[in-house]
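There are 2 protein chains.
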Amino acid sequence: LAAETFLAEIREQPEALRRLAARPEVGEAAAALRRRGIDAVRLVGHGSSDAAASYGVYAFGLLPRWTAFRDSISLTTYYDAGIDVSRSAVVAISQSGRTPDVVEYVARTRARGALTVAVTNEPESELAAAAELLIPLAAGDERAVAASKTLLNTFAALALLAGAVAERPEVVRAVRRVAEQLEEALPGLEDAVEPLAPTFAFVGRMYVVGRGVEFGTAREIALKLTETCRVAAEPWTSTDLSHGPIAAVDSMFPVWAIASRDECLPALMAAAELARKAGATLVASGSAAGEVAGAEFRLPVPEAPLPILSPLLSIVPGQLFAATVARAKGLDPDRPVGLTKVTLAQ
Amino acid sequence: LAAETFLAEIREQPEALRRLAARPEVGEAAAALRRRGIDAVRLVGHGSSDAAASYGVYAFGLLPRWTAFRDSISLTTYYDAGIDVSRSAVVAISQSGRTPDVVEYVARTRARGALTVAVTNEPESELAAAAELLIPLAAGDERAVAASKTLLNTFAALALLAGAVAERPEVVRAVRRVAEQLEEALPGLEDAVEPLAPTFAFVGRMYVVGRGVEFGTAREIALKLTETCRVAAEPWTSTDLSHGPIAAVDSMFPVWAIASRDECLPALMAAAELARKAGATLVASGSAAGEVAGAEFRLPVPEAPLPILSPLLSIVPGQLFAATVARAKGLDPDRPVGLTKVTLAQ
Numbered sequence: 016l017a018a019e020t021f022l023a024e025i026r027e028q029p030e031a032l033r034r035l036a037a038r039p040e041v042g043e044a045a046a047a048l049r050r051r052g053i054d055a056v057r058l059v060g061h062g063s064s065d066a067a068a069s070y071g072v073y074a075f076g077l078l079p080r081w082t083a084f085r086d087s088i089s090l091t092t093y094y095d096a097g098i099d100v101s102r103s104a105v106v107a108i109s110q111s112g113r114t115p116d117v118v119e120y121v122a123r124t125r126a127r128g129a130l131t132v133a134v135t136n137e138p139e140s141e142l143a144a145a146a147e148l149l150i151p152l153a154a155g156d157e158r159a160v161a162a163s164k165t166l167l168n169t170f171a172a173l174a175l176l177a178g179a180v181a182e183r184p185e186v187v188r189a190v191r192r193v194a195e196q197l198e199e200a201l202p203g204l205e206d207a208v209e210p211l212a213p214t215f216a217f218v219g220r221m222y223v224v225g226r227g228v229e230f231g232t233a234r235e236i237a238l239k240l241t242e243t244c245r246v247a248a249e250p251w252t253s254t255d256l257s258h259g260p261i262a263a264v265d266s267m268f269p270v271w272a273i274a275s276r277d278e279c280l281p282a283l284m285a286a287a288e289l290a291r292k293a294g295a296t297l298v299a300s301g302s303a304a305g306e307v308a309g310a311e312f313r314l315p316v317p318e319a320p321l322p323i324l325s326p327l328l329s330i331v332p333g334q335l336f337a338a339t340v341a342r343a344k345g346l347d348p349d350r351p352v353g354l355t356k357v358t359l360a361q
Numbered sequence: 016l017a018a019e020t021f022l023a024e025i026r027e028q029p030e031a032l033r034r035l036a037a038r039p040e041v042g043e044a045a046a047a048l049r050r051r052g053i054d055a056v057r058l059v060g061h062g063s064s065d066a067a068a069s070y071g072v073y074a075f076g077l078l079p080r081w082t083a084f085r086d087s088i089s090l091t092t093y094y095d096a097g098i099d100v101s102r103s104a105v106v107a108i109s110q111s112g113r114t115p116d117v118v119e120y121v122a123r124t125r126a127r128g129a130l131t132v133a134v135t136n137e138p139e140s141e142l143a144a145a146a147e148l149l150i151p152l153a154a155g156d157e158r159a160v161a162a163s164k165t166l167l168n169t170f171a172a173l174a175l176l177a178g179a180v181a182e183r184p185e186v187v188r189a190v191r192r193v194a195e196q197l198e199e200a201l202p203g204l205e206d207a208v209e210p211l212a213p214t215f216a217f218v219g220r221m222y223v224v225g226r227g228v229e230f231g232t233a234r235e236i237a238l239k240l241t242e243t244c245r246v247a248a249e250p251w252t253s254t255d256l257s258h259g260p261i262a263a264v265d266s267m268f269p270v271w272a273i274a275s276r277d278e279c280l281p282a283l284m285a286a287a288e289l290a291r292k293a294g295a296t297l298v299a300s301g302s303a304a305g306e307v308a309g310a311e312f313r314l315p316v317p318e319a320p321l322p323i324l325s326p327l328l329s330i331v332p333g334q335l336f337a338a339t340v341a342r343a344k345g346l347d348p349d350r351p352v353g354l355t356k357v358t359l360a361q
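Same order as they appear, the protein sequences are chains A and B. Using the working numbering, the first residue of the first sequence is number 16, and each one after it goes up by one. Using the working numbering, the first residue of the second sequence is number 16, and each one after it goes up by one.
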């Protein structure tokens, strides 16, 4: 059955989150980061791992108030630019631990004095060996090519690491609470995405809009739709949508708005309204999905105990939507055309 | 006539580049940056200005070997995260100088001790007033809603600033030489894009692939196609293409590869080959366009005197392609539906 493995792994996520929250390595890595004088956190990864890196910028920015950014990998691996990284932490993300340019980036920045942390589901991987510190994702074996629980645990690992650096133990408790909320919400969410499948079976392009803490969610949902449903889905911040892309939107071009209750919500609502006026069919998800005016479909999720953890819940409707729409299109997220579980491209 | 103003402004670019290269403000800003102990350059902007920011990461990384990154605007303007920016330079880009959250970002980071530089075509704008230093783009009045010369001068301004910080006066000479090369190449490029129009008039989605120095070019070309031709065009690095998006590519999904002769070229060629194998119609541009195997269309440009300046030439086929395809679709880049010259969205 198509998507059988992908769906099973989506349902395993509450358990995977609890396993991660119990691991001691996050606290050990945080202690090492605190001991060293760190000026900036350089996040690197490709695909879903890069979407998680976008989230990491906010986890570090809002919890310990550290500068964090998605670093250019090519400046180090191709151009060998020799930028000073001696006061940087590197957080390198690869579910397989085998992404070649990420492994190379870690080797080179470590040699130049950066404190390197591998975030991977494979503790025996090349990436784990290359980095000084390891945070194992503890997601268990993931077999569907479309990642779910490894991705959710990557977001959670970054929140836990940033929380531990900030010495805020309530983040661990909040991740455990999110696991419970997700467990309770999953059956209802699975039912809620079903009616969307016929409408979206013929969609060729979409925008996914999020801002701030939810921009990484938008990137992940857009990528999941692209790889499983072959939809050209592009993520935008709510403000960037109005700086050009809105010109392409019409009634054949649905827009998905991730509306979570936080400081960015007014900007998100303004972007959703702009898309609606351009004729787009609106899908609203997130804890404030009910507040998006004119949304044709709503996929609300519970409100996380800490706003920074919202994505751990708001990613899930995107996963379920991808599974459902892929099946309606006769595609299989367990084995998308042209992809393999481990990507070794340079 | 549709695109008349856009085309006229594309043709004015060599002159606009020469005007910018003659301005003294870049050198003054560079001296101020050198005097202050700067740990990192925070680049901010939306739309085309954000594409230029992607380029700025490489200009600062490769010339003075400084850490530069596209900063999160929302962490400062919405979340007021209070991150330490006292050893940062802020380079804030807005052609109109009126983008509200960019102006607010500058005001707040300046109050927190960052050295702020406005890069704008409007020296009397709010952004210019908010920042400590000003680099005027000197592009002259731009009337088409689709930006061309202000965007090219933004890329050039970042190269000139990074070159001056690195005390490499040859960058100024090289920009002047690029202006000459562009002047010579423009008529041939205008002829070269004409045959592409019938093929692309019905295209609804595309990928634009670049890596390293040319990733900002890929972002700018994709955005230009989206806003002028209503194509869902998404930019990817060559490596990220293989981490998911390649699954959506087929014979109805063209891929544009920007191939410039530098350290990233092998990675770019590998991505182009992957797209070709997936059945995509390939467009190859850049100085190494002739080396991309299996490209159905080639839009080569001259090799810039310094590799870091390649984008100043490789952006232009994208502009001309956008103008030509828009006309074939009956659209007008001077006045795209749903856009205005100044975007005031929050």
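Think of the hints as simulated: they come from the structure by calculation, not from any bench. For each residue, glycine too, the CB sits at the ideal point set by N, CA and C. Keep in mind that the hints are not guaranteed to be accurate.
[Said to hold, decoys possible] Just the calculated beta-carbon pair ranges, DEER-fashion:
| id | chain 1 | residue 1 | chain 2 | residue 2 | range |
| --- | --- | --- | --- | --- | --- |
| 1 | A | P320 | B | V352 | 39 to 45 Å |
| 2 | A | P138 | B | A285 | 27 to 33 Å |
| 3 | B | G294 | A | R50 | 31 to 37 Å |
[To be verified] Covered by chain B, per the in silico footprint, the following chain A stretches (three or more residues, Cβ under 8 Å):
| id | segment |
| --- | --- |
| 4 | 71-78 |
| 5 | 174-182 |
| 6 | 280-292 |
*Find the hints from earlier in the document that the structure breaks and name them by number, from lowest to highest.*
3, 5
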